[in-house]
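> Going down the list, the sequences are from chains A and B. For the first sequence, counting from 1, position 10 maps to 10 in this note's numbering; every step adds exactly one. Counting the second sequence from 1 gives a position; this note's numbering is that position plus 1000.
What the hints contain is simulated information worked out from the structure, not anything from laboratory work. Among the clues, some could well be false.
Chain A is faced by these chain B residues, among others (derived, beta-carbon under 7 Å) [to be verified]: (1) A1058; (2) S1077; (3) V1100; (4) V1103; (5) E1139; (6) K1141; (7) S1163; (8) R1185.
25 Å max Cα-Cα, derived DSS-like pairs, lysine-lysine [to be verified]: (9) A:K186 with A:K78; (10) B:K1146 with B:K1256; (11) A:K193 with B:K1141; (12) B:K1256 with A:K193; (13) B:K1141 with B:K1129; (14) A:K72 with A:K151; (15) A:K151 with A:K78; (16) A:K193 with A:K72; (17) A:K186 with B:K1401.
The C-beta atom is built at its ideal place from N, Cα and C for all residues, glycine as well.
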Amino acid sequence: MPILNSVYRHREAGRPLTELAAYREAGGYKALESVLGETDADDLQYAFVRSGLRGRGGAGFPMGRKASFLPKDSRLPKYVVCNADESEPGTFKDREIMEMNPFQLLEGLTLAGYAIGAVRGYIYIRGEYEHQARVLDAAVRAAREAGFLGKDLLRSGFDYDITVYRGAGAYICGEETALLESLEGKRGQPRLKPPFPAVAGLYGSPTLINNVETLTALPPIVTRGADWYAALGPEKSPGTKLFSISGHVVRPGNYEIVLGDTTLRELIFEHAGGLREGRRVKAVWVGGSSVPVIGEEHLDTPLDYESLQGIGTALGSGGCIVMDDSGCIVRACLRLASFYRHESCGKCSPCREGTSWFERILQRMVDGDGRMEDFELLESLFRRVSGKTLCPLADGAIAPIRSAIKLFRDDFIRVCQEGSPRPEPMLPASVG
Amino acid sequence: MAEYAPVDLTVENQVEFELDGRRVAAPAGTMLADACYAHGVEIPIFCYEPRIGPPIGACRMCLVEVEGMRGLQTACSTPVAPDMVVRTTTDAVKEAQDGVLEVLLANHPLDCPVCDKGGECPLQDRTFKFGPGTSRYVEPKRHQPKPLNLSHRIALDRERCISCFRCVRFSQEVAQDGELTMQERGARSEITTFSGDPYRGRFSGNIIDVCPVGALTSIPYRFVSRPWDVQNTPSVCGLCPVGCNTELTVREGRTKRVTGRPEPNPAVEEGWLCDTGRWAYDASWSQARITAAVVREATGDRTATLEDAVDGAAALLRGRTAGILVGTAATVEEAGIAADLAGGALPGAVVARMGIPGGALAPLRALPGAQLGDVDDADLVVVAGGDPSAQQPVAELRLRKARRFGATVTGCGPRPHALEALGTFIRTAPGDLAAGVASLAEAIAAATRPVVMWDEADLAGEPAAAEALAAAIAANPAARQLELGAEVNGSGLRALGLPDAGAVLDAVRAGTVDALLLVHADPLDAPGRAAWDAALEGFAGPVIAIASHADATTERADLVLPALTMWEQEGTLVSMNGRVQRLRPGARGPEGAAAGWELLVALAHRLGVVPGYRTAAAAFRAVTAGRPAFAGITPEAAGVLGVPLAAPAQVAGASAPPPASGEGVPLVATRTVYGGAAARRSAALADTAAPAELRMAPDTAAAHWVNDGDRVVLRSSSGESGRLTVRVGDGLPEGVVFAPLGAPGSPTEGVLPADMAPVLVRVARVEAG
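Chain B extracted, bound-state conformation (with noise of 0.2 Å):
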């Protein structure tokens, strides 16, 4: 169980103590509870976790006794002690171990029946194990109104809250939101967010995992279910590229629910999910979901079959020289077998993939890597560009640890961020992140333990910066580099060994490549789009497009062909920090879609080529042989907790991007991962959508003509882009726009070039607001 810290009783100097009769032994400063739980004696916890901050022993559930000290001890907040001699079955343990449990159950209401978290629930599973089994309470119980909605996701049982705290812990050392607290006193404490108003958090969801009653309940997955009836399947997220470990609940072929592991990845989220990572599942059967095949012709669009789709679209390739786009968050297996269609059933295709080029990265990639786990230990921890909040949001989890356990959190980038506060950071201007690694230098030398985190797109697009920023980590042999990447599975993509984009787009302008195959890609709705778009509108070829949602590209295709997603299909993915990890299927998906890979099998097998596997595991196999970066790993080796990549999943060099060219202010544009695309497809995170925004300081917006509200377009020698709403904000920097990347209807990513090389863009007010 998650609850209780894991203890290494491998190490060496350990503490020998006596458990209930028995020599046994744990690392000194391990907590009693913990060292017990892994010698195979269970200590009942409640508001004991670990994970969330030390021990505050208010449950009084993990009573044991101790030889020598007076009364009972906590366990949770009890180190190991030399010769120390603890029972935990004793008749005076017993007794107040009842004591608690009848105290806590004496208000409690006891609807199991009807509780979401009946079946799973420690309070229920500890009452059974170690409690009285009858209750000697007579007196009416305390009645509450049953629920409240804590925010629109989250449902506040009062009635069933034992106070353990753990949720308001959560929210004020974990992801310091500072939005929950205990209100009222004694028996009248109930959980509240301070200003009365719902929950807002960008991880608000893990309450309900560290919660152990029924109080806190996911509103989504309100009475869907319960436990004996669905199936869990450990997987990853592919929302973003940090790689959350996940747990899918299914029922009857569809995803009822995503939670954290029960026995969670330390080297990644540690078991805490963002809360788009946690409620974006509904997007699988949301009103975009393509689920079944659309053949386009000129008399109008038609759905087809699977197989007459997949045969159409073998038609239309055969005989073609396509040029073959994998998308970033498609599969190491999608990724990997469309690359092998060059080779075999589309001789002469051109494979690329579509993301970030970075080639001016690999001296940083080149250097020593740390995973997210490395940060706990980390000294230093420095933040170079980006904004991991919206970008990579579990790693800010791990930014606000590593303040708590005392190391420095410094940083540098040209957006206000919401980590800034945790540290000195330094505000460079756009196309200037150089300035700022300089000063960060001397205290990466300095430090003992420096993680330096570094933006994938921000350095990209500043190879001065990023060749600046690798000699300062070279320079201590102690330091190691962790990218916040860009894209879902761009490491897994860069492992295999694909070029950029720009090698199917030079394809297409000069006419080499006559059909195009789109592989989750979409190039219509990613920087650099703009040139997408020229090359496309003069493209006679077919264009076919393996997508499972609807978006500018499938629009564009001849042929659509369905595909699973996420929380569908089997695959592995690649985190942002090599780490290889397996999706496992949980859900069916819709009856006409198929996953990727098994679409682009049946496609090979249509072109006359027969691969040579059948299953994903083995397609894994078959892709990765031959590829370096991938050697001596297996699906086996990856297991449930993923493996590190052998070697780094670098790019040939492409050329360095040119400096902004043009006229105008300097646009600065952020992912939005918490509140993105995916969070639009969902109806339980509607709420969140980030609006298409364009936002800028007070005198930056004088000096562009517009006011607050006006709806405005951007122009940059890349291309122009969507309507964007002016947002005038205080506490922004003078002299610089920000847009986000991943609004409705893509509109920034006109203005950019697939490179991220910084632009500057005129503003042009389209409408007052």
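Chain A on its own, in the form it takes in the complex (with noise of 0.2 Å):
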């Protein structure tokens, strides 16, 4: 199926929104005039829940519902929190919406505001995305100044603004709370649920919080329509969704597709150009490094959440990652290993022990030390760490290595007994 850039305007005008004057050409902040003042807040709240949107920063949890969390009379102040801390490996897609098209974000994010009654939204994006911040920056800038942002939004009575705070490099920070954490200015690591941030969030009021490409989906689902959007792909998991395809690829990067249309072949072989000469796929992580990881057979999958969990996996963050019959699927695995061990925060002990641990046995497998009885060790490990912890991290690390050793035992066994030469040419890592 062909792509379809319906939904993120920089990909439907084919160039960079980053003027405001460029946006609103482009039919930016329509959404915005249409609601203030017009459209009730539980009606926009409501047209949320119809459009079907899930959450597009890993767990897919309905949008709209999670708005509806939100306690209607409260004491505390609300607010809304745009999680720009897009870290997971293989995802970027955040990063393109940032860069090309800020105030389509900063749109959705006031629209949100505007949903739940807030007082204020927060951008929290990775301290490594210093030029997507100050393109933020200056289009929050732009907002204030053209009164899209500030007090008494089009003379609405609204008022809201938007801050952007920059994060320190941290992947826990992801996770919904670590961030809130962080966002206070402590140390970014997950609170304990509940409460849930609905409830008890930021400074302890109710707070929404949601992903980048969630947010910016929602001035279309306004000036279109929910029904539009809902009708977009399958029942349960309509829309579009932007892919970050990387690795043995030809032409990696971000693809707008519309869920259950496409299949991982079309998205490999079609969009991003196919394998290079000569090359088999191998292994797919086809939702970003934290889902289980997926053989050729699985290849003609469509992409979609349900389809995905069909076959064992997960869509996650639509962060793609293709290796070819060229690589260590080993070696891949003690790579993720160990940026899961960098990342883990270290409050839970099963997190904290368990990732260092499970980078140790890869690291002797591949230097050909690898026994037996280490695979058994292994699987008992995962079962004693995995959904025995505070966050979901320790689960992703665990994902897409249980299943790797499943799917490709034997090539597990013979480095194990082997060893695995180091690939030539090799980047030097970055990660310590």
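Work from the hints to combine the two standalone chains into their complex.
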């Protein structure tokens, strides 16, 4: 199926929309203008529910329902927080939106704020996205000058402003409660839930947290209607999704597709230009690095939440990493294990010590010192850590490794006996 | 074990649930871990410490199965719910416990044989009870240089740390000193101070008690003993009037360690100690310790055996009329026996107590009183005068806790202090506390459960303020008063009915007594000392001192009987809130010393009167008989946690102090427990000792022609001070000077009257800085 560039306006326009005038020309702020003072906040929230939009950060929780969890009458101010801590390996879709189309994010964040009666929106952006943060800073200034942010927006009586907050570069701060801790100026580590952010989030106030891509999808849902959006793709997971594809493909990049319309094979071979000459697909992490890996036999699976779940993996963040048969799966797993060990916040013991142990075992395997009992040991550790941690980070570390051992057991056994020679050429590892 | 919150299983309307097939109940809101413990089921925990604050669910040790809930739940953070079905011994739970302990031990050095915590280590105990017998970890362990000095008193061994966050949370949430933090992340996480400097805090030692492994250990106790070689004795701290319950670790007759009790006293300290109370125990063998009796003769000093010295004391006192002064740290037994001497062995003796007369405080003390533990439930806590952080340290933690629980904290007083940041505080001019009190009356009247903390020394000096505060408290029937006392056993001495030291001073001046017996009394180091200096100048009779440490008074005495300290003797102390608590002897004390009460009993024997008691407990019964404040209180009733006095420890209405006289700048004096006399005698606390400094704001310094660093003396209508060093500081109010009580050489005491009435002082420079 063809690429559909209908939701993210810079894609529709075919050019960056970093100037407010350009964004307005492309239909920007029509949604906010049509809503402010015209539509009841509850009706807007209901429109989000009807659109069927699911969170695009990874968990896929329905956006409208999440908004409905916030208490209607709260003594405390309410906040919307945009999760722009895009740190999932293989994922770079939010980066494109913020870089090319900042105003649509601001408009979406403002619509979400209006829908729940928030007083302020925050964009928590990962520290490494300095350029994108500057683009957002400039956009916030321009929007404020034009009256799209600040006091009494478009003379509707609605006060709302947005703060761009730079993180310090931690994967864990993509977890919503760790993000809130960091946003409050504390050490970024997850909170015990309950209470959930909808009840006690930022500064203990009711807080709605959504991903960049999710919030950016809101303006077209308002202008074209929730029904239009709901009709795109399958009933349970409608809409379009940005897939970031990387790895051993000819044209890595972001592609906006209608969910359910496109198969993984089409994404890789039609949109991303296929593999290098003479290579075959060995492994694909279809939704970022935290999902179970799949092999060539699943290439014809349609890309949507349910279908991917059906084959034992997940749509996740849409960060699709492709590895061809030139790569070593054990080394890939070691690289992932190192990432999760490095990013574990250290708050809960199974994750802190477990991720470090996984890495040690895989390192030994790659060095040719693996033992047959290591398979049993790893499986036992996975069982003991999985589902017993404070947040899903450790599960994200386990899923790709556990599935790889299952799917590529022969490779693992061979590496255990012979080791895995360092491939050439190799980029220097940036993670210590 | 202190680690679980106490659960009251007697309240009504409990929530019923099923625990491992049994039907049990606990009050709503109780966390499963605590409820299970109350019903005899131990759920292993590491990060959970209810005294620190809400659960954080970090260690994952307490996972249990709850029917209907997906996955295992952390028992530390799951409240009991009606008909909840909880299983704590299933295979899934066992597997989870094995899993958590296995990863915790993976990089743990297992150097238990050389670890101070070995034998009393929760990680060790819980591994034995709940953990796997073997480890599958074959990788090299993480190594760190060890140990680091987190402060002069705390060693940090990062290899042993299991990152439970208890110490960090204590620092951030309980002490709120903002010092400790976790640095780095993941498996590299380590405890450190935010600045990297040594941990500075008034309560830092508590992190040793809460550490569930051997990562934080006491440097003075390092490699000193093993848990199976010591005896632990529950006792009470006698360094300030708060009366914190302590546990003395004793080996070979010496106090080797003081810790919070494993079963804390919820009405007093809740298990937290200040650093002075924790580490001052080495003062009992400091240089100043009197280890043998001293007889001062024309030919010079000579030491004597205890027998000879008591004989000598009896000989000096026989046939004379004695003035007996009882110090504020003397026990009820010592004070009571001393008082009894007047009726028997030393007929006609005048017996009085050191400390603040406090006649003006009667109306305040008559009001319904609160214990420190009651502050937790208050919706408003008022602090009238004083500086709890310096003078009654652990009261600070209660105040901070009340604030954390949502209480409003407010107050007034003449000096800036650390707790002013907790709420609105009105800075009053010295001598005008009444104005501050007046502005608090409305808040007290409007509160539902107010507790009014008032400073004994400040209000004793300002009768108008005391009267106004009493009226404000009385106006709200729900309000309770809580005395921030100035003296260790001040309440006990008052409850025995002893008059203030003025009685003995007058007798000395009038010549109606011709001998002085001082029981832990040091009038030459206390406010009002100028008057005593003068009175003793011309006093020809013998002066006999019963004391544990050398001080200005023992230097003047003709005979010194060495006494035991609070770490060594049996006795009873009454806290500032009237709580009767027992000292239990831990260490033996020097060969040549004896308990003060025993010395007094021996003295009575030598003087031909045989008291009817031979034990401290019997002495307590005898000396408290007929005293209404002690009605119904026996050593048995006091038990381990103490009991409040039957009636407030009142004194007969002494005359109110006259207003400040003379000319000069008002002086505000603050007692220092943290860094005070006990700290100076302790090698472990040497770095905390507070210097003898006179602090003032820049314009005030300019007005008195002094600069930072100058050495000055003060003069008031009561006398002259010793030398103080000027410290000019921003943030201090102008037109007032601040000086510590209990500084080395007791310089400030010289200008203050015994009744703590406000004074004006003139500042004279004696040496440029």
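> Determine for every hint whether it applies to the structure shown.
Against the structure, the hints:
no. : hint                 : in the structure
1   : A1058                : holds, 5 Å
2   : S1077                : holds, 6 Å
3   : V1100                : holds, 6 Å
4   : V1103                : holds, 4 Å
5   : E1139                : holds, 4 Å
6   : K1141                : violated, 11 Å
7   : S1163                : holds, 6 Å
8   : R1185                : holds, 5 Å
9   : A:K186 with A:K78    : holds, 20 Å
10  : B:K1146 with B:K1256 : holds, 23 Å
11  : A:K193 with B:K1141  : violated, 33 Å
12  : B:K1256 with A:K193  : violated, 43 Å
13  : B:K1141 with B:K1129 : holds, 24 Å
14  : A:K72 with A:K151    : holds, 22 Å
15  : A:K151 with A:K78    : holds, 16 Å
16  : A:K193 with A:K72    : holds, 21 Å
17  : A:K186 with B:K1401  : holds, 21 Å
Consistency with the previously given hints fails for numbers 6, 11, 12, ordered from lowest to highest.
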